[in-house]
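Participant: The residues making up each chain are set out below.
2 protein chains.
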Amino acid sequence: MKVALDAMGGDFAPAVTVEGAVETINESEDIDIVLVGDEPSIKRELSGKRFPLNRLHIKHASQTVGMDEPALAAVRKKKDSSIRKAVELVRSQDADAVVSAGHSGVAMAISLLLLGASKGVERPAIATLMPTLKRPFILVDAGANVDCAPKNLLQFALMGNAYCRAMFSNPEPKVALLSIGEEDTKGNLLTKETFKLLKDSEMRFIGNIEGKDIFSGDADVVVCDGFIGNIVLKTSEGLAEVIMKMLKREIAEVAAGRIAYLLMKPALKNFKKKTDYAEYGGAPLLGINGTCIISHGRSSSKAIRNALKVASEFSRKKVYGAITEEIEAYQVRPGSV
Amino acid sequence: MKVALDAMGGDFAPAVTVEGAVETINESEDIDIVLVGDEPSIKRELSGKRFPLNRLHIKHASQTVGMDEPALAAVRKKKDSSIRKAVELVRSQDADAVVSAGHSGVAMAISLLLLGASKGVERPAIATLMPTLKRPFILVDAGANVDCAPKNLLQFALMGNAYCRAMFSNPEPKVALLSIGEEDTKGNLLTKETFKLLKDSEMRFIGNIEGKDIFSGDADVVVCDGFIGNIVLKTSEGLAEVIMKMLKREIAEVAAGRIAYLLMKPALKNFKKKTDYAEYGGAPLLGINGTCIISHGRSSSKAIRNALKVASEFSRKKVYGAITEEIEAYQVRPGSV
Numbered sequence: 094m095k096v097a098l099d100a101m102g103g104d105f106a107p108a109v110t111v112e113g114a115v116e117t118i119n120e121s122e123d124i125d126i127v128l129v130g131d132e133p134s135i136k137r138e139l140s141g142k143r144f145p146l147n148r149l150h151i152k153h154a155s156q157t158v159g160m161d162e163p164a165l166a167a168v169r170k171k172k173d174s175s176i177r178k179a180v181e182l183v184r185s186q187d188a189d190a191v192v193s194a195g196h197s198g199v200a201m202a203i204s205l206l207l208l209g210a211s212k213g214v215e216r217p218a219i220a221t222l223m224p225t226l227k228r229p230f231i232l233v234d235a236g237a238n239v240d241c242a243p244k245n246l247l248q249f250a251l252m253g254n255a256y257c258r259a260m261f262s263n264p265e266p267k268v269a270l271l272s273i274g275e276e277d278t279k280g281n282l283l284t285k286e287t288f289k290l291l292k293d294s295e296m297r298f299i300g301n302i303e304g305k306d307i308f309s310g311d312a313d314v315v316v317c318d319g320f321i322g323n324i325v326l327k328t329s330e331g332l333a334e335v336i337m338k339m340l341k342r343e344i345a346e347v348a349a350g351r352i353a354y355l356l357m358k359p360a361l362k363n364f365k366k367k368t369d370y371a372e373y374g375g376a377p378l379l380g381i382n383g384t385c386i387i388s389h390g391r392s393s394s395k396a397i398r399n400a401l402k403v404a405s406e407f408s409r410k411k412v413y414g415a416i417t418e419e420i421e422a423y424q425v426r427p428g429s430v
Numbered sequence: 094m095k096v097a098l099d100a101m102g103g104d105f106a107p108a109v110t111v112e113g114a115v116e117t118i119n120e121s122e123d124i125d126i127v128l129v130g131d132e133p134s135i136k137r138e139l140s141g142k143r144f145p146l147n148r149l150h151i152k153h154a155s156q157t158v159g160m161d162e163p164a165l166a167a168v169r170k171k172k173d174s175s176i177r178k179a180v181e182l183v184r185s186q187d188a189d190a191v192v193s194a195g196h197s198g199v200a201m202a203i204s205l206l207l208l209g210a211s212k213g214v215e216r217p218a219i220a221t222l223m224p225t226l227k228r229p230f231i232l233v234d235a236g237a238n239v240d241c242a243p244k245n246l247l248q249f250a251l252m253g254n255a256y257c258r259a260m261f262s263n264p265e266p267k268v269a270l271l272s273i274g275e276e277d278t279k280g281n282l283l284t285k286e287t288f289k290l291l292k293d294s295e296m297r298f299i300g301n302i303e304g305k306d307i308f309s310g311d312a313d314v315v316v317c318d319g320f321i322g323n324i325v326l327k328t329s330e331g332l333a334e335v336i337m338k339m340l341k342r343e344i345a346e347v348a349a350g351r352i353a354y355l356l357m358k359p360a361l362k363n364f365k366k367k368t369d370y371a372e373y374g375g376a377p378l379l380g381i382n383g384t385c386i387i388s389h390g391r392s393s394s395k396a397i398r399n400a401l402k403v404a405s406e407f408s409r410k411k412v413y414g415a416i417t418e419e420i421e422a423y424q425v426r427p428g429s430v
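The listed protein sequences correspond, in order, to chains A and B.
Add 93 to a position in the first sequence, counting from 1, and you land on the number used in my numbering.
Add 93 to a position in the second sequence, counting from 1, and you land on the number used in my numbering.
Derived from the structure by calculation, the hints contain no laboratory data.
Keep in mind that this is a model prediction, so the values were computed, not measured.
Hints should not be assumed to be uniformly reliable.
In silico PhoX-like cross-links for lysine-lysine, where the CA-CA straight-line distance does not exceed 25 Å [what the hints assert, rightly or not]:
(1) K362/A to K305/B
(2) K358/A to K267/B
(3) K338/A to K244/B
(4) K244/B to K362/A
(5) K365/A to K136/B
(6) K305/B to K366/A
(7) K365/A to K95/B
(8) K395/B to K365/A
(9) K285/A to K267/A
(10) K279/B to K341/A
(11) K365/A to K279/B
(12) K341/A to K244/B
(13) K227/A to K244/A
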C-alpha cells in the first residue's frame, strides 16, 4: 500500500506532514509513503529522523498552493504544484491513495479533473465523520457542492451508504435526511423532493432528522447539500470550542475552581480525544475513481497520521469500488431517476 | 402594558404558563397579563397562588392546538383556540403583545393572518438570540421561511438591524451573512446574490461569516434563510446538550471525578445560565403589525417569565414601528430592489 502525501498542504506544512509520515512509517508496516513537494524543504524536515529509508520516498514538486489562493487559478496555472503531483501519482498507479491537508477546493478539483468521477456519479461529495453519544455518523455532503438537485442528494445518500458498509462493516446503515421536522411534509423544496427518492430507494431510510437529533447517534449517514453540510460542520466546530472556553472561564471564577479543573483534567483530555477531528484524520471524497482524503487545514502530525491510515484502509477495502457498484445498482432499478 | 399569554401553549402548559404569569405579575409592576385558554384548567392552576387580582385576567378559549397538529388544519378549523384568541386580543387592541410557547408554525400563521405583515415586508421572520463569548447575536430567520429569494434575506437583515437598534440600543449593529467562506465569491446562488444587496445597503455589513465564527460574538445580526437558521439553532442546541452529557460521563470515569464535579457545580450552573434558552425567553416575530413572541415548546416558568418581559419591552420600545421605518427607508432608496 503506497500513499502519496501532499507534503506542502496545510497550515503547519511541511513540518507536521513530514512528521506524520515518519511516525506512520515507523508504526505501520504495511504503508509506504511518497512525500510530494519541495525536496530541499522535505529533506530539511527529515534530517535527524529515523525511519526505514526504503519505505519513504520523495517526489519533487516546484510549486505550492496557498490556503487562500483562488481555486480556479491554482488548478489552471500551477501545473507543478505538490497537490497536483500527488494526485498524478494515483492516476499513473504509482500510488494507491492521496492525502492533502491543503486547499480543499483545489484538492477536490484536481482529483476530479485527473481521476474522473465514478461511473454514473454526477457530483462527488465530501464525507465527514462527526462524533455522537454513540458511534460517529457520516455527514455527506460536507462542503463539495453548494447548489444541489434532489438527484444529487440521492447520490450522496447512496455513496454514504456504500462507504459506511464497506469501510465500517455496517451491514445496513441507517440513512437520514437533514431537515427541519420529522414529518415528510417538513423541509424545503429540495428536501421534500429528496425525501421521496430516498423513500423509494432500497436503503434503510429512517426519514428526516432534525439538527438537535444528529448527535444522538441514531443515524449512521446524514444527508444534506454541501452548503448546509459545511455550515453544520463549522458551526459544531465553533460551538464546541466556545463551550469549552466558556466552561473554563466559569470554572476559573468559582471557589476551588482551580482544584476542580486539575482533578477533571484527565476527563477533559478523554473528552477532547473523543471529539477531536484529528482522531478521524480526514474526510474522503466519495464518487471519484480513486482514494482521495481531505484533511483539516490545521492538521497536527496526529491528524496526518490518522489521515494516512484512513487512506490506506479506504483503498484496501476498495470503498470506491463499492460506491460505483451502489450507484450502478440504483441506475438499473425500474423507475429510477 | 398588557400581554396576552397563550396559557395552553407548550409541553408543560397550563402549569408553567400560569406559574410564569403569576411570578411576572408579582415581580413587575408594569405588566398586566391575560391568560387565554380553558378557564377551569387555568383557575385550577391559580388556586392557592397569591397575586394582585386586578392585574391578572382570564379569557376563556374552548380549544387547544396540540404541538404536533398539522398547522394548516389547526389554523383553519380551530376558530376558538387559545393561541387564536390571544392574537385576537392584540388585534382588537385589548392587549399590547402576545406570547405563545405552543405550536410555533400555528402561532406565526395566525399572527400573520390576524395582524398582517408590516408595510413593505414580504415575509415576516423569527429572530432568535444565541449566546457567544461576548454578547448574544441575533439569528434571523430562525425558521419561519424555508425557501427564500435574495430580497427576503435582505429584508431579514433590515428587520434584524432595526430590532437590534431599537431593542438593545446598539446604534450600528454589525450585520453578517451566514455562508461557507469569507470572500464574497463563496456561497450558494442565494447568498451570492444577497451579498450584493447587503453590500449596497446602508447597513454596517461586515460580509460573510462562517459557522465556526458565529459564536465568537463579532457579528450582532447573522442572516440566513429559515431552513438553515432552524438547522443551525437546533444543531447548536443538540450539540451543547451532548457535549455536557459526554463531559459528565468522562468526569464520572476519572479518579476524583466526583469531587471535581461537586467543586465545579457552581461553574456548571453559571454556564447553564448563560447559555440556557430560558434566559432569553422567546423569539420575536419580526415584520408583523404587532408584538408576537414565540417561546420554546419546552419552556419552563422561568422561560415564560422572560418571554413576558421580552414581549413587554418589545412593545414598549416600539420595535415593530422601527422595523416598518427601516423597511420603508430602504424602499425609497434609488436603485433599491
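Participant: A separate judgement is required for each hint: does it hold in the structure or not?
Facilitator: To see whether the hints hold, each was checked on the structure:
Note on K362/A and K305/B: the hinted pairing holds, with a Cα-Cα distance of about 22 Å set against a maximum of 25 Å. At roughly 37 Å between alpha-carbon atoms, K358/A and K267/B are farther apart than 25 Å, so this suggested pair is violated. Proximity of K338/A to K244/B is assessed by CA-CA distance (about 37 Å); at most 25 Å being required, the pair is judged violated. Distance check on the hinted pair: K244/B and K362/A sit about 47 Å apart at the alpha-carbon level, beyond 25 Å; violated.
For a cut-off of 25 Å, the pair hint linking K365/A to K136/B is broken: about 51 Å separates their Cα positions. Our distance criterion of 25 Å between C-alpha atoms is met by K305/B and K366/A, whose separation comes to about 20 Å. A distance of roughly 49 Å separates the Cα atoms of K365/A and K95/B; the hinted pair therefore is violated under the 25 Å criterion. Between the alpha carbons of K395/B and K365/A the distance comes to roughly 33 Å, so the proposed pair goes past 25 Å and is violated.
Taking the CA atoms of K285/A and K267/A, the gap is near 19 Å; set against the 25 Å cutoff, the hint holds. Proximity of K279/B to K341/A is assessed by CA-CA distance (about 34 Å); at most 25 Å being required, the pair is judged violated. Between the alpha carbons of K365/A and K279/B the distance comes to roughly 31 Å, so the proposed pair goes past 25 Å and is violated. Between K341/A and K244/B the alpha-carbon distance is near 42 Å, which puts this suggested pair outside the 25 Å criterion.
At most 25 Å may separate the alpha-carbon atoms for a hinted pair to count; K227/A and K244/A exceed this at roughly 30 Å.
The structure is inconsistent with the numbered hints 2, 3, 4, 5, 7, 8, 10, 11, 12 and 13, although it conforms to all the rest.
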